[in-house]
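Please build the complete structure, drawing on both the sequences and the hints.
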Amino acid sequence: MPSIVPGYEYDIFISYRHKDNKYDGWVSEFVDNLKKEIAATFKEELSVYFDSNPHDGLLETQVVDKSLEGKLKCLIFIPILSQTYCDPNSYAWKHEFCAFNKLASTDQFGMYIRLANGNVNSRVLPIRIHELEEQDHKLIESELGGTLRSLDFIYRTPGVNRPLRAHEDEPKENLNHIFYRDQINKVANTIKQTIAGIRMKGPGGEKVSAEVYNKSEVITKTTANRKIVFGTVAALILLVAAFYYFRSDNSMPSGQSEEQGIAVLPFADLSPEGDQEYFSDGLSEELLNLLARIPELKVISRTSAFSFKGKNEDIRSIGKKLGVTHILEGSVRKSSDKIRITAQLIHVSDGSHIWSKTYDRTLGDIFKIQDEIANAVVQELKLTLSGNEVHPRPANSEAYNLYLQGRYFFAKHRREDVDEAIDLFNQAIAIDNSLADAWAALSLAYASHANNGYIDPAEGFEKARTAANKAIGLADDLASGHYALASILSAYDWNWPGAQDEFRKAIARDPSNIGAINGMANLALTLGQFDQAISLYTKALELDPLRTVIKVNLAMTLMHANRLDEAAQQLNRALELNPNFPTARYRLGLIYLLQGNAAKAIEELQKEVVEDWRMQGLAMAYYKAGKIKEADVLLKNFITEFQEVSAFQIAEIYGCRNDAGQVFAWLEKAYAQRDGGLSTLTGNPWLRSMENDPRYAEFRRKMKL
Numbered sequence: 001m002p003s004i005v006p007g008y009e010y011d012i013f014i015s016y017r018h019k020d021n022k023y024d025g026w027v028s029e030f031v032d033n034l035k036k037e038i039a040a041t042f043k044e045e046l047s048v049y050f051d052s053n054p055h056d057g058l059l060e061t062q063v064v065d066k067s068l069e070g071k072l073k074c075l076i077f078i079p080i081l082s083q084t085y086c087d088p089n090s091y092a093w094k095h096e097f098c099a100f101n102k103l104a105s106t107d108q109f110g111m112y113i114r115l116a117n118g119n120v121n122s123r124v125l126p127i128r129i130h131e132l133e134e135q136d137h138k139l140i141e142s143e144l145g146g147t148l149r150s151l152d153f154i155y156r157t158p159g160v161n162r163p164l165r166a167h168e169d170e171p172k173e174n175l176n177h178i179f180y181r182d183q184i185n186k187v188a189n190t191i192k193q194t195i196a197g198i199r200m201k202g203p204g205g206e207k208v209s210a211e212v213y214n215k216s217e218v219i220t221k222t223t224a225n226r227k228i229v230f231g232t233v234a235a236l237i238l239l240v241a242a243f244y245y246f247r248s249d250n251s252m253p254s255g256q257s258e259e260q261g262i263a264v265l266p267f268a269d270l271s272p273e274g275d276q277e278y279f280s281d282g283l284s285e286e287l288l289n290l291l292a293r294i295p296e297l298k299v300i301s302r303t304s305a306f307s308f309k310g311k312n313e314d315i316r317s318i319g320k321k322l323g324v325t326h327i328l329e330g331s332v333r334k335s336s337d338k339i340r341i342t343a344q345l346i347h348v349s350d351g352s353h354i355w356s357k358t359y360d361r362t363l364g365d366i367f368k369i370q371d372e373i374a375n376a377v378v379q380e381l382k383l384t385l386s387g388n389e390v391h392p393r394p395a396n397s398e399a400y401n402l403y404l405q406g407r408y409f410f411a412k413h414r415r416e417d418v419d420e421a422i423d424l425f426n427q428a429i430a431i432d433n434s435l436a437d438a439w440a441a442l443s444l445a446y447a448s449h450a451n452n453g454y455i456d457p458a459e460g461f462e463k464a465r466t467a468a469n470k471a472i473g474l475a476d477d478l479a480s481g482h483y484a485l486a487s488i489l490s491a492y493d494w495n496w497p498g499a500q501d502e503f504r505k506a507i508a509r510d511p512s513n514i515g516a517i518n519g520m521a522n523l524a525l526t527l528g529q530f531d532q533a534i535s536l537y538t539k540a541l542e543l544d545p546l547r548t549v550i551k552v553n554l555a556m557t558l559m560h561a562n563r564l565d566e567a568a569q570q571l572n573r574a575l576e577l578n579p580n581f582p583t584a585r586y587r588l589g590l591i592y593l594l595q596g597n598a599a600k601a602i603e604e605l606q607k608e609v610v611e612d613w614r615m616q617g618l619a620m621a622y623y624k625a626g627k628i629k630e631a632d633v634l635l636k637n638f639i640t641e642f643q644e645v646s647a648f649q650i651a652e653i654y655g656c657r658n659d660a661g662q663v664f665a666w667l668e669k670a671y672a673q674r675d676g677g678l679s680t681l682t683g684n685p686w687l688r689s690m691e692n693d694p695r696y697a698e699f700r701r702k703m704k705l
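Residue 103 in the numbering used here sits at position 103 of the sequence shown; the count goes up by one each step and never skips.
Some hints could be false.
The calculated lysine-lysine pairs, modelled on DSBU-like cross-linking and capped at a C-alpha distance of 30 Å, are [stated by the list, open to error]: (1) Lys-22 / Lys-43; (2) Lys-192 / Lys-73; (3) Lys-138 / Lys-22; (4) Lys-357 / Lys-186; (5) Lys-94 / Lys-43; (6) Lys-172 / Lys-73.
Since the hints were derived computationally from the structure, they do not count as laboratory data.
Right, dumping it as structure tokens:
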């Protein structure tokens with residue numbers, strides 16, 4: 001059966017080493033299950049080439065002929081990456097993997113496909129069944145010309161590295177925390193997205209470069225159930241809340257002397273199995289939080305400090321970029337309940353080690369070790385402790401360990417990782433129901449899922465509210481519960497006074513909470529208090545200088561305040577940090593449009609990585625450029641594809657056209673959708689022409705603004 005796309009022999013080609021199928025027929029079982037999953041995913045029937053017979057099929061000793069070349073003319077190539085596949089002398093590597101890579105790179109679609117959600121997929125979809133050796137990784141990435149992005153079917157426990165079976169005896173023992181049925185579903189969904197992208201692109205469409213693919217990020221697209229649109233301030237309140245609760249909880253506000261500045265770099269995981277990254281990251285964060293409570297000490301946030309993770313950069317260079325004079329770094333070796341922690345304090349100016357110590361303890365001593373390290377840093381920097389730096393410690397080390405694992409997975413922000421985080425937080429709470437930080441973390445995780453449409457928003461935010469209130473009830477003196485509740489009140493309830501009150505409570509309990517500072521800045525933007533928002537974002541940037549999202553938020557606020565040149569400067573700085581940050585090029589393009597340069601706006605908007613923002617911006621820029629026909633087509637397509645989730649963006653497009661009737665019709669739809677874009681209503685440059693319309697004032701009253 002030919003491919004569903006004319007001109008191709010197969011839709012999918014499965015490439016593998018026959019020796020990987022001999023022991024238990026893993027590859028054959030995988031292909032059978034994938035076919036069933038594809039049948040349940042596609043309306044059409046897809047064709048799959050799989051050489052299941054090593055005797056009658058294309059043997060590894062056979063010469064490549066035209067029949068194989070024809071079979072390789074497929075839409076998607078799936079190599080089964082094992083410990084034996086990455087062999088430059090093997091038939092599968094030379095005549096299948098490398099041959100397809102060359103063929104796809106030169107055909108009508110190219111190797112990389114832009115999806116409807118703005119992400120970029122490769123037509124090579126690697127399935128990894130073993131942890132690979134470093135040289136194998138390098139070989140694959142050298143051939144692909146970029147980072148290996150695989151879907152993994154690996155079962156890993158201490159000393160075990162084998163393919164994940166369809167029915168595991170002890171599935172929860174897998175250190176990779178994946179399940180066969182879910183992974184099969186992910187493969188089918190990825191195939192569906194890629195083929196949809198191929199069809200959308202069409203023959204001869206613009207080819208995506210390897211550079212764009214390698215720089216692309218995983219961008220969560222809006223869905224039909226999504227009520228709060230990614231990129232708007234309301235959604236960013238939750239996103240930033242999550243990032244700063246788990247990644248940069250407690251950094252001091254600005255104004256401290258640079259002589260007292262410190263950054264805590266991520267401690268290296270030196271455990272025998274290399275499976276304790278969650279623990280080493282968690283230890284680093286806890287140390288950061290402890291140090292950030294010292295009034296005289298300026299502490300750089302976790303997000304900026306951890307941006308150097310895995311990079312072999314000189315300490316003096318790191319210190320200069322972060323604006324600090326001291327660096328705390330170290331390592332963790334953990335096996336069972338035994339831990340060895342090495343910590344060292346480094347002076348940035350000359351790279352000298354001014355203090356170092358190794359701790360050999362048990363897991364139950366972890367809090368004592370944290371306190372000892374923090375005390376040592378304080379003594380070396382000649383600071384003083386007030387006695388208020390340490391809040392009560394968790395009573396149960398097992399619950400705390402599960403909580404750290406949950407934080408680690410949540411920080412990845414992928415749907416499956418947040419699922420895992422929710423499960424781990426619940427496990428921690430089941431062991432220690434009094435662990436307030438776990439309740440607060442659970443609140444943010446539920447809110448994240450509700451925000452992204454992965455669960456019903458009303459149900460998800462109610463679960464988030466319950467967990468936040470539980471955290472406050474257990475420990476009203478901690479900032480975390482108030483912070484979580486403030487995020488819900490602002491992002492979902494639109495209860496601005498209530499949100500402001502909870503943010504203030506969080507800051508009162510922890511003046512160094514950068515997440516609360518950022519949340520207050522977002523809220524000030526919503527309320528039209530632009531000077532206050534700019535001041536707060538600027539303070540956040542002093543503590544988190546490498547955080548792109550804050551620069552983008554600051555730029556948006558400057559744009560609302562009609563300070564366009566300053567806004568453009570911030571966005572250009574953001575793009576220097578991350579050229580593919582979602583919405584950055586969209587917002588820069590709109591600034592050019594507001595400055596009257598439609599041609600420059602179009603050029604910039606075409607580089608935006610997220611489809612709906614790119615399409616919206618171009619619909620506005622083409623209209624201002626007098627290309628009405630092109631603008632009308634984009635507007636029509638945008639409404640068709642995104643009207644259920646992006647009503648506010650449609651209102652902005654009509655605002656650009658000064659069509660008041662359509663603006664207010666779509667604003668009402670946005671209100672019904674609880675579209676987070678409404679949090680940017682005040683001062684919105686595309687809606688300013690509506691401000692004298694009585695309907696505008698009435699709508700603001702409805703929004704409680």
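Hints versus structure:
Our distance criterion of 30 Å between C-alpha atoms is broken by Lys-22 and Lys-43, whose separation comes to about 33 Å. With a CA separation close to 18 Å, the supplied pair Lys-192 and Lys-73 stays within the 30 Å bound. Simply put, Lys-138 and Lys-22 have alpha-carbon atoms about 27 Å apart, close enough for the 30 Å limit, and the pair holds. Restraint check for Lys-357 and Lys-186: not satisfied, since their Cα atoms lie roughly 45 Å apart, outside the 30 Å limit.
Of the supplied pair hints, the one linking Lys-94 and Lys-43 is violated, its CA atoms being roughly 34 Å apart against a limit of 30 Å. The hinted pair formed by Lys-172 and Lys-73 fails the criterion: a straight-line CA distance of about 40 Å is larger than 30 Å.
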